[in-house]
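Participant: Now for the letters of each chain:
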Amino acid sequence: MINISELLEEIKASPFREITVRTPHTGRVTFAGLAQGQEVLGPQGQWKERPGTLLATLERERNPKPICATEKGVIDRIYNELEGQFVEAGTALMVIRHMLTRDEVEYLILKKALHLFLAPERAKYYFTPEVDKKIRAADAHSVVVRDGMELMIMSRMKREVPLHYSGPEGVIYAVYFKYNENIDAGAPLIGVCPQDQLPAIQDVIMRVRTEWTEK
Amino acid sequence: MLNLQDLYAMPLESHKVLVANRGEIAMRIMRACRKLGVAFTAIYTEEDAASGHVRLARETGGEKSLYRVSSYHDANELMSVADEAGCTAVHPGYGFFAEDFRFARRVMKRDRTMIFIGPSWKIIRELGDKINTKRLARSLGVPTVPGSDRPIYDEMEAERIARSVFEFQEQQGIRRPLVLVKASAGGGGMGIEEVYDIDVFRSVYRRIRNYALRQFKDEGVLIEQRITDFNHLEVQVVSDRTGRNPVHFGTRNCSIQSTGLQKRVEVAPGFAPGPITYSFDAAKVLTDIVDYSLTMARKVGYDNVGTWEWIVTRKGDPFLMEVNTRIQVENGVSACISRIRKDGRVIDDVDLLAEQVRIGLGQPLGYTQDDISFDGVGVEYRLIAEDPDNRFTPWVGRIERFQWKPQPWLTMLTHVPTDEPYEIPTEFDPNLALAIIWGKDLAEARARGLSFLDDLRLEGRNNAGEELKSNVNFLRANTERILRF
Amino acid sequence: MRRVRNKMDNNIEKRVQGLTDRLTYARDIFAGKHEEDIRLLEEKLAVFVERARRGELADPYNDVLGLEELFAFVEKRLENAVTPMDKVRIVRHPQRICLRDILENVYDNFTEVGGQDEHSLDPSMLIARAVITRRRGKKTYTQSVMVIGQEKGHGAEFRNGGSVKPWGNAKALHYMNVAETEGIPIHTYIFTPGSYPIEDYPGAAQQIARNIYGMAGLRVPIVAVISEGGSGGAEAIGLADKRLMLSHGYYSVISPEGAAAIEGRLKAGQRATPELIEHCAGSLKITAQDNLAFGYIDRIVQEPPLGARPYHFDFFRSLRQEVLRATDEVVLSHRKWPGFRGLAVARVRNPEANLDEMHTRWGLSASAKDSMVEHRQQKFLRLSREAAIDNRPFMAKNMAALQDWLSEPWMHVKYDFFRKHQRKISTFMEEMGNEVEMVKNRLLSPWYKMTRRLPGRQTEDKAQELTALSTWTDDSRRSRWNYLSPRYKIDRTLTCPNSESYGCLDLWGPDLFAEFAGVCSHCGHHFPMEPEWYVKNVFDVESVYEFNGEIEAGNPLAFPGFEERIAEAQKKNNTKSGCMTFEARIDGIKMVVAMLMGTFRGGSVGAAEGYKFVEAAQRAQKKRYPFLAYVHGTAGIRIQEGTNGVIQMPRCTVAVRRYVESGGLYMVLYDTNSFAGPVASFLGCSPYQFAVRSSNIGFAGPGVIKETTGMDIPPKYHRSYHALSRGHIQGIWDRRQIRANLKQALLTIGGRNLYYR
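Protein chains in written order, with the numbering used here: chain A, 1 to 215; chain B, 1001 to 1485; chain C, 2001 to 2757.
There may be inaccurate statements among the hints.
[Claimed, not checked] Pairs of lysine to aspartate or glutamate, DMTMM-like flavour, derived with a Cα cap of 20 Å:
| # | chain 1 | residue 1 | chain 2 | residue 2 |
| --- | --- | --- | --- | --- |
| 1 | B | Lys-1299 | B | Glu-1126 |
| 2 | C | Lys-2462 | B | Glu-1159 |
| 3 | B | Lys-1469 | B | Asp-1389 |
| 4 | A | Lys-124 | B | Glu-1427 |
Quick caveat, the hints were computed from the structure, so don't treat them as lab data.
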């Protein structure tokens, strides 16, 4: 089993994450008038149904699109010189210093505690339709995976190949990939918790809950 | 604001073309533009930053000639960059938006009109619809695959047609007749099944019909003869914006394909009636399909480059398959055997891409069919990192060495850098290079092809340390088969 | 801390407590008004208490009597100054009479059914079997009645303020059906600020719709008494033969606060000023007097000054008389023997009559029940006609009536007689045809055999058929839309709301609003389209014939500033009201369509819209066509029309029920957003409700739910997919397939004769 206390100390030494806000596509940028040092909020509400603080607007083909903060944090750097400019896709607009939340710490520690199923190749990954349906209907915790089970579809070079799960039987505890995102070979796809280790994992979560204070 | 006619009237030097593609074809378009003195703007994605086309754009493009976009598939990105860079035309290359009539329509109909370098959108739409193409062909007496030319909705009628198709094949002396049932609204291999016996037809028909209803909300079904033993031929057509004077640049034979029915070797011309004996009059077949293709092009007023795809059965019957309303990968192999007599001199380095850009921007063709002549045999190899022994599965990894011996008869088209290692991006087709070889006759072309493959150095490793897999051996083995039926 | 030993006796103490309550009550209901009068009472009471405690009063009984008289005097004076908003505060006050007070004081005995106190499926809906004993001479008669109503329980929390959950309304309907089986009258008491707006099965809106539909045909007398008539919640038990209203009650489309929030265009969390609320309460015309003038109630039951409280025993007595009178009247007016009937009704109607000393049996014969239900339905159909502006030329109106009169018998012959016999004739003809075919085949078979032996011609034919161009007339794959949204002319892109989760690329407007029919080509999200899109693209070209286009939405309450807003909506939409009614065809199948347009003041329903809906249902019934309610969008009842709008709920439901019961096929198709009153009545009662993708269906929007229940609801709570899962609708259609789906539904649900049984 892993040493949670040590891990927690390690994270406490540097409890930040820098988030670079990039343009999702080309267009003309208008900043929302924020300045360095200002605090921004991530999505709000019980279901995160209200978007975070408006950071900038990116207009392309007469369609102004808001760019909102995805996490709570403080603006560390802001590239105001881009105001009114046409920018390429993926241009950095600002950097937000984000204090790790309890959930994120949990995520970091779980990544060490769970059995990780890794991407065999750089590709886009999707769950098979049956699994996807289950996850959408309830959540990932409801899906039990077994060795050899057809779990995902690996899409690369315009070809889709089924991907079979290998590893201990258990429930999917964490999902590490997003829709339409390329995953590097060796990066974790899902974190699986074997049934008999569930109490131990829950213990880890409890400890994070009690020992990590959010600021 | 300029309208389309104003744009067509502009001199070439005032144009700027958005190269809406990547890799090898993007490089060919850029070179064609430079040859014509037309400015260009290229695009790339983060994944593709190491591609040769990015380097070429950086080295040879002028101001505002390279932009990073989120995706090649997002038309909005292309329009946005085109406006920012001041482009007057868009070249779609092949794949992506090349045969998307909506994209072509948008380029033309938006407030800031641009030229779509390709046929006009109505032609793309008309010939992009297979039923429509088939009916158009039949209305002009152009042969098509026997079967229905409209969606069938009635079960009794469907069965009657299927029965006719079986009987028809029996009369033709086909030993194992097959009938193809496919959803008329489908495409890309979905909702297609073969029937070998009329007794199982009904169940297959119902399955396809229900599938079509579920998938496409249209229960129309097409019923055709399934032809199994054939050669795949093409006719290269070129026409300017008047749409009245189409010419052809000969035929190609693309019968050497992967198991996934993707082309691996293309040869021009389509048959070699001299050195090889065929069971039918090959010369007449070539003339016929060229004539048929031009008849159709004239009828629809075809106004850019395009390819008429044919299948030719062992008995020598040609059937029109479809029309590709775009420049094709293998256009270079037709170009290398062609010569044009223009303004009293002979052009022997024909560049169909440059021709496409030139006439696409509104220039008149400037020559007729009589000015075009053919000489020799061209062979194109598609070099791909894949495993031919394992259903042509793409190989992913890093190319460490890529070298070949330059020859006057060889043209290499590649976006893979030869002076540094290259990671194959996983987003796209795994094509590495096109090698176009010319010989004065079939024997010479074959010999040169083999010597090229022998000299080629292609090495690399993947994450697991395994060696690169390529189709070089497959190409070598198939060189013997070239142009044989 | 008592400085002096209390010298008051218990009796005085009790009466003082009563006076203190009355004082609090008066202060509460006037909310800061009439400060002086209230201070006067307060001081007098304080002085009395002080002195009584010290034992300084010689005759405290006399003094307390005097004090009570003073209270009564002041209350009577203040009574004249009661405003509509004060009445709202009166009915909401915990001291106001509740249903249990009525059960205890108006009826002679009762047993609560369907739950008891807080141990109930829904404690805010109280149901009891009650008994009334009457005496004529020496004989006593006991009569049973089903009492149904909301219980506020003097503010008890578990009663939820009389806000009934969907299953509470279902319980009410269940016991109404029990009463029908038992043949006893139903007395409903409406004490509700509105229904609890949650969508859990059976669903707030859908259940109210079922209740209204059920009550429209219930074959027992129904008497409703309104104290607090809050919109949909009130209608759930309000469709009655006689509707009485307490003089200090209110009956309204929306709470004055809600109206003020809409009028003031307030965002969630903001509060309207008291002045605006007071203004809205006045403009909405919510009092008993207003509603009597409109004709939406039949009689007012006078309450004591400042409203009835549990100690007003006189009031209970008069309420008892009124409900007995109302029940007797309903029963008597449908008895046979016209002579006796007139006499009996007159006797009962006499205000001096003591109904406890008269007896009327409440049973009815089958034909009397028919007549009662017919009478109830006609009564509701007649309501609110004056509240819409009927601009149809005089001749047209009367020609329509004349035509009806002439064509009715013909329609009967055509559909009821001819159809039946026609089927027999055609069956006979079919059989004859089969015989002829057999004979023909036998005679011609040698000839067929001969021709089959000529192979040459046949193979040629075959080859010809398989390789030559065939004829194909109905290629409908291209230029499918007869109408394109004008937005297609704008060169811009739009972001699909699902792009975050499905990765949809931005859509180009000219593609989206023309070829794509407003549907995201990646995820299938439906962007809203104009009503014209449906009219022109769903039905056969040139088959749409609009009728009653002249009936115009008005401003029946003279709501301040509303005329201009209606005029603006009329100009914007180029129609006179938010409901377009037309006849149309789909592949030749004729039908009548009523379309609520979301672009006309949110598709709200007022008197004109209801009028047209009723007319359309009747036209469909007369012509024996299927009837489709296409809801492009509706935000609910038009609040600026007050009860003129609310009454459309029972009215239109009655019209729909009559249509369905005569054998018609009534279908509803929801698009964009459909909420509140209409869904909770004439739309929700259809057995065949479908929705267009990406639409939202429900009772109240998220803001209202948050305000009334304090609950945050998840996003997409009202999405059609949820409505489908909850069992509120039958299916979800893609916009591009509406035409095909409608045709299929007509053929499969309508059956071979299409619509009429």
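Participant: Any of the earlier hints contradicted here, and which numbers?
Facilitator: Structure breaks no hint.
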